[in-house]
Amino acid sequence: MECRKVYVDVTLDVSSDGSVRPRRLIYEDGTIYPIDQLKDVRRAASTKVGGIGIRYTVMIRGHESYLFDESGRWFVEAKIVS
Numbered sequence: 002m003e004c005r006k007v008y009v010d011v012t013l014d015v016s017s018d019g020s021v022r023p024r025r026l027i028y029e030d031g032t033i034y035p036i037d038q039l040k041d042v043r044r045a046a047s048t049k050v051g052g053i054g055i056r057y058t059v060m061i062r063g064h065e066s067y068l069f070d071e072s073g074r075w076f077v078e079a080k081i082v083s
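Numbered according to our numbering, the sequence shown spans residues 2 to 83.
Honestly, the hints are just simulated from the structure, not real lab data. Don't take each hint at face value.
[Unchecked claim] Straight-line Cα separation of at most 27 Å, DSSO-like style, residue types lysine-lysine; simulated pairs: (1) Lys49 <-> Lys80; (2) Lys80 <-> Lys6; (3) Lys80 <-> Lys40; (4) Lys6 <-> Lys40.
[Stated by the list, open to error] The following label-pair restraints were derived from C-beta to C-beta distances: (5) Ser83 <-> Leu13: 30 to 36 Å; (6) Asp41 <-> Gly19: 15 to 21 Å; (7) Lys40 <-> Ala79: 28 to 34 Å.
Cβ atoms here follow ideal geometry from the backbone N, Cα and C, with glycine treated the same way.
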């Protein structure tokens, strides 16, 4: 399935040691998606839409998704619906 890069607003917590935990994202249509679980954090590239940064593997509404922090801009890999 073809994907596109969608930049999103992210609400996050930053602890005193500098670690970042995303709590919710706001999609381009204004829909708010709470992040139910943070599963993994690592530096990685998006193989579907390009770009490299910190990849957060998150659970949203029972689905595993990737949320990327690309030098302070956050994006997701959104499926293109035909």
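Results for each hint:
1. For a cut-off of 27 Å, the pair hint linking Lys49 to Lys80 stands: about 10 Å separates their Cα positions.
2. Our distance criterion of 27 Å between C-alpha atoms is met by Lys80 and Lys6, whose separation comes to about 9 Å.
3. Restraint check for Lys80 and Lys40: satisfied, since their Cα atoms lie roughly 21 Å apart, inside the 27 Å limit.
4. For a cut-off of 27 Å, the pair hint linking Lys6 to Lys40 stands: about 21 Å separates their Cα positions.
5. A hinted range of 30 to 36 Å for the beta carbons of Ser83 and Leu13 is consistent with their spacing of about 33 Å.
6. Our hint of 15 to 21 Å for Asp41 and Gly19 holds, since their Cβ atoms are close to 18 Å apart.
7. At about 20 Å, the beta-carbon gap between Lys40 and Ala79 misses the expected band of 28 to 34 Å.
Checked against the numbered hints above, the structure violates only hint 7.
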